[in-house]
Amino acid sequence: MRRDPVTTWLMRIYLVLFFGYLFLPLMVMGAATFNTSRFPTVTPWLGTTFQWFVELYRDGAMWTALWTSLVIAAGVIAVSVPIGLAAALLLTSLHARARSFVYGVMVSPLLTPGVIIGISTLVFWQRFGVAGGVFLSVVAQSTYIIAYVMLMVMARLQRFDRSLEEAALDLGASHLQAFRRVMLPYLRPSLLAAAVIAFLQSFENYNTTLFVRGVDTTLTIYIASKVRTGVTPAVNALGLILIVLTVLAAVLYEWRRRSERRRESIAARRREVSEAAEGGVGRALAAPAE
Amino acid sequence: MSQNVELDRVVMRFGAVTAVREVSLEVRGGEFFSFLGPSGCGKTTLLRLIGGFIDPTEGEIRIGGRDMRGIGPNRRPTAMIFQNLALFPLMPVWENIAFGLEVRGVPKSERRRRAEELLELIALPGYADKQVAELSGGQRQRVAIARALAVEPQVLLLDEPLSALDLKLRQHMRAELRALQKRTGVTFIYITHDQGEALAMSDRVGVMSQGVLQQVGRPEELYDTPLTPFVASFVGENNRFAGRVREAANGHATIETEAGIFRGRNVGRLSAGERALLFVRPERLQVANGGAVENRLTAPVSHRTFEGAFIYLVADVPGSRPVTVQLANTGAVPVSEPGGEITLGFAAEDAVILADQGEG
Amino acid sequence: MTALIRRFGLGLSALIIALPVFWIVMMIVLPELVMIDFAFRPNLLPAEIGGPKDVYTLGNFQTLVENTIHRAIFLKTIWASAFVTLVTLVVCYPIAYHLAQGTKPERTGFLILLLIIPFWINEILRTFAWFIILAYNGPLNALLSGLGLIDRPIRFLNGNFGVIIGMVYAYILFMVFPLYNSMESLDRNQIEAARDLGASAWRIHRRIVIPHAKPGIATGCIFTFMLAAGSYAVPALLGSPQSRWFTEIIYNWFFEGGNWNQGAAYAIVLLALCLGFILLMLRVFRVNLGDIAK
Numbered sequence: 228m229r230r231d232p233v234t235t236w237l238m239r240i241y242l243v244l245f246f247g248y249l250f251l252p253l254m255v256m257g258a259a260t261f262n263t264s265r266f267p268t269v270t271p272w273l274g275t276t277f278q279w280f281v282e283l284y285r286d287g288a289m290w291t292a293l294w295t296s297l298v299i300a301a302g303v304i305a306v307s308v309p310i311g312l313a314a315a316l317l318l319t320s321l322h323a324r325a326r327s328f329v330y331g332v333m334v335s336p337l338l339t340p341g342v343i344i345g346i347s348t349l350v351f352w353q354r355f356g357v358a359g360g361v362f363l364s365v366v367a368q369s370t371y372i373i374a375y376v377m378l379m380v381m382a383r384l385q386r387f388d389r390s391l392e393e394a395a396l397d398l399g400a401s402h403l404q405a406f407r408r409v410m411l412p413y414l415r416p417s418l419l420a421a422a423v424i425a426f427l428q429s430f431e432n433y434n435t436t437l438f439v440r441g442v443d444t445t446l447t448i449y450i451a452s453k454v455r456t457g458v459t460p461a462v463n464a465l466g467l468i469l470i471v472l473t474v475l476a477a478v479l480y481e482w483r484r485r486s487e488r489r490r491e492s493i494a495a496r497r498r499e500v501s502e503a504a505e506g507g508v509g510r511a512l513a514a515p516a517e
Numbered sequence: 180m181s182q183n184v185e186l187d188r189v190v191m192r193f194g195a196v197t198a199v200r201e202v203s204l205e206v207r208g209g210e211f212f213s214f215l216g217p218s219g220c221g222k223t224t225l226l227r228l229i230g231g232f233i234d235p236t237e238g239e240i241r242i243g244g245r246d247m248r249g250i251g252p253n254r255r256p257t258a259m260i261f262q263n264l265a266l267f268p269l270m271p272v273w274e275n276i277a278f279g280l281e282v283r284g285v286p287k288s289e290r291r292r293r294a295e296e297l298l299e300l301i302a303l304p305g306y307a308d309k310q311v312a313e314l315s316g317g318q319r320q321r322v323a324i325a326r327a328l329a330v331e332p333q334v335l336l337l338d339e340p341l342s343a344l345d346l347k348l349r350q351h352m353r354a355e356l357r358a359l360q361k362r363t364g365v366t367f368i369y370i371t372h373d374q375g376e377a378l379a380m381s382d383r384v385g386v387m388s389q390g391v392l393q394q395v396g397r398p399e400e401l402y403d404t405p406l407t408p409f410v411a412s413f414v415g416e417n418n419r420f421a422g423r424v425r426e427a428a429n430g431h432a433t434i435e436t437e438a439g440i441f442r443g444r445n446v447g448r449l450s451a452g453e454r455a456l457l458f459v460r461p462e463r464l465q466v467a468n469g470g471a472v473e474n475r476l477t478a479p480v481s482h483r484t485f486e487g488a489f490i491y492l493v494a495d496v497p498g499s500r501p502v503t504v505q506l507a508n509t510g511a512v513p514v515s516e517p518g519g520e521i522t523l524g525f526a527a528e529d530a531v532i533l534a535d536q537g538e539g
Numbered sequence: 026m027t028a029l030i031r032r033f034g035l036g037l038s039a040l041i042i043a044l045p046v047f048w049i050v051m052m053i054v055l056p057e058l059v060m061i062d063f064a065f066r067p068n069l070l071p072a073e074i075g076g077p078k079d080v081y082t083l084g085n086f087q088t089l090v091e092n093t094i095h096r097a098i099f100l101k102t103i104w105a106s107a108f109v110t111l112v113t114l115v116v117c118y119p120i121a122y123h124l125a126q127g128t129k130p131e132r133t134g135f136l137i138l139l140l141i142i143p144f145w146i147n148e149i150l151r152t153f154a155w156f157i158i159l160a161y162n163g164p165l166n167a168l169l170s171g172l173g174l175i176d177r178p179i180r181f182l183n184g185n186f187g188v189i190i191g192m193v194y195a196y197i198l199f200m201v202f203p204l205y206n207s208m209e210s211l212d213r214n215q216i217e218a219a220r221d222l223g224a225s226a227w228r229i230h231r232r233i234v235i236p237h238a239k240p241g242i243a244t245g246c247i248f249t250f251m252l253a254a255g256s257y258a259v260p261a262l263l264g265s266p267q268s269r270w271f272t273e274i275i276y277n278w279f280f281e282g283g284n285w286n287q288g289a290a291y292a293i294v295l296l297a298l299c300l301g302f303i304l305l306m307l308r309v310f311r312v313n314l315g316d317i318a319k
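Chains as they are written, first to last, in this note's numbering: chain A, 228 to 517; chain B, 180 to 539; chain C, 26 to 319.
Derived by calculation from the structure, the hints in this document are not laboratory data.
Some clues are possibly wrong.
Pairs of lysine to aspartate or glutamate residues, derived as DMTMM-like cross-links and limited to a Cα-Cα distance of at most 20 Å, are as follows [to be verified]:
(1) B:K347 - A:E491
(2) B:K309 - A:E491
(3) B:K309 - A:D286
(4) B:K347 - A:E502
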């Protein structure tokens, strides 16, 4: 696009500032891990050390919290992926008017503050004598994470060719076989992505979990309480590890996406070759086997 | 090996829309049968009814004498070739072909063997492990056919499967489909809006319009003896004259039109005084300069198109639609330039007289 | 219903209906209703529940009106959230526009990945990062005094400033992506054409880009406001007792005051606030709910 150089430069400066704003805080937090200072900071720099990783490793409460987070996240995936999938399938099978109403109800948890979801779950289950804990955390988080899963599955489902399903049935497959062999493989990428998002959302959730956790502590709540009650760079060490894992996951995702695209373009090129040879194959067919 | 398909007063309504109106018909076992009609005429609905994707609102569908109501597509002895082929994109070619066997619990080695046999049959040996995305249009077409044949259906349903191919390949596939049908002996029910396709391949053709089955017959019958004005103008080119019956006897009738008084076969079994339409094919018209022909008319030529083997003339007949004449280039065709008068003639046996049901 | 069964068979259809119904009824609708029921009842001893005192009342809502501190905090939460929303919108607009219209596709993919990475990182960690930066002895104060701009460190974490800057940082991506999505569908030729006709950059945005991006702007604002008003983490970490947020009061009713009914009433007020904001946005931008949450 044609632009005058002043605008271009202003935009460049803005981009640098913006991404600096986005990443500098994370870098500062990461860097503070290696400072000997008891309070996490980069100024003044009192000396470089790895001691905070050791301290983090020795922190039993951290490990317990991590385990709790993983258990809850696994529960959330187990609950929200099947329900989100079913919700997407249900929505695409509904008539237009019913669909927009049900859709509205289904996305409403995304427009509700997390604390409200936590509170309503807490007061509801209290009637059945269920108190806060891992179970309620799974239920409360799933309430809105299902909506994410549903939206992600829907996005892919909308491009699904219904005649594939019909073809499977037509060839004698039972409904279950058609679903397992045709629909599920098609949805697999979106289900995997949804499971990853569900994990991340659950793992980082704070506002909702705060109300339904009972006496259990997730990693996020553990970090928050540390920050409020006496923080050491061990928390930075934990943060740094999580950031590195995230970046690795992002790189892995991008790499997979690119190799996927490369595979597709190879298939397309082979197809062009076949198209070009079409006439030849046609002639071979004129003298059929048998 | 192959079964017949009977439709008994089948009606299909979607809400207020009636897609199929009281269609009754028998497709014989081992027959290549085509439904021909413009898009939206209900032919695809009919195919989906036979395949079991929908159940008729009224009437009965029997395959091999068995009522099919409530029997889903997975338990009918039919297999469908979808318009977009619907090949499973995530399975290699051989798994696509063997899918029907897989869901029937056939062991893997047997499935593989059968898939390779079918690949031989469709002249794509060695393609077993290719991905669907790598195949050309024609190859996909053949894989779709193999996949349907793998389940050894009694009836194969084909939903305009050639429409996505280019002209040359399409003509080739016509011959191939026809040969395949003869070889396998399976009943083929074929849907198309392309009359050339229907006439070239089929044993019999059913012409549909607005949900109504207009006429069923061999391609020659449809062409030579259309029973409704719709069939007369939809199948092939036709010239049309509107008028009133003057007299009718012995299977022939004379009608009075603004272009003249013509005699033709009284296919519509009309009696004197009724409104009638007379149809005559462009290639059955001849230049009649004094020869003994039953029907003749004189009109000025407005267009002339030379196409090598044929010469087309368009004549402006007063009180009628322009009349097209197709003349074989035998070397003896008189040169009639636009503007000049020409006298045309046709035999009564070459003209068909049908009831005029109003503009349709 | 019959279409569903025809498509998936009886067994699968039953599951496809039962699972979402469980979700909607047991996880969304009934909990909200029970919370509303809670909010309209007085806080009673267990023995008194079901007794003559257990009647519907507006008392819990009256508390909010009468308690000047709570009222002030509630109003502060509204304006501060609105302010956060506005700042986020202003900060994100140029980036979204640049991504959608100003770069080549390959570069857009890379920049979007850069945007997503911090989004994948825990909100608490992102907030904690600002906790470090804004600390009394932290790098920002060191930088400012190093440049000679201040004589002695500023207590950023003592008022609303830290909370607001932390929220803008935390919710930036909820604004960027809706904006980007809505701007991406705008045909570049429209902008080219407007420029050819001599329109200024300002006019192009006002007449072409912004009207086209309205659903995205509305969505971004709704999400940001909802997240800001409902945030607990950011004010808890970057605020002080002098800069309490409404959610903190709700929390206190539940876990320190032990008055769930009172807490539920406040939660409903918060929910109503967010609902009101959604309706306001839909009105202002003249879009409907179907365009939101994509």
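Inset, instruction - Assess, step by step, whether the Cα of K347 of chain B is no farther than 20 Å from the Cα of E502 of chain A, and give holds or violated. - result: Roughly 13 Å separates the two Cα atoms, so the pair holds.
inquiry  = Checking one constraint from the list: CA of K309 of chain B to CA of E491 of chain A, max 20 Å. Satisfied?
reply    = Cα-Cα ~13 Å, so holds.
What's the verdict on K309 of chain B and D286 of chain A, does the C-alpha distance respect the 20 Å limit or exceed it?
violated (54 Å)
So if I understand the rule, the pair passes when the alpha-carbon distance is 20 Å or less; does K347 of chain B with E491 of chain A pass?
violated (28 Å)
Against the hints set out earlier in the document, violations occur for numbers 1, 3.
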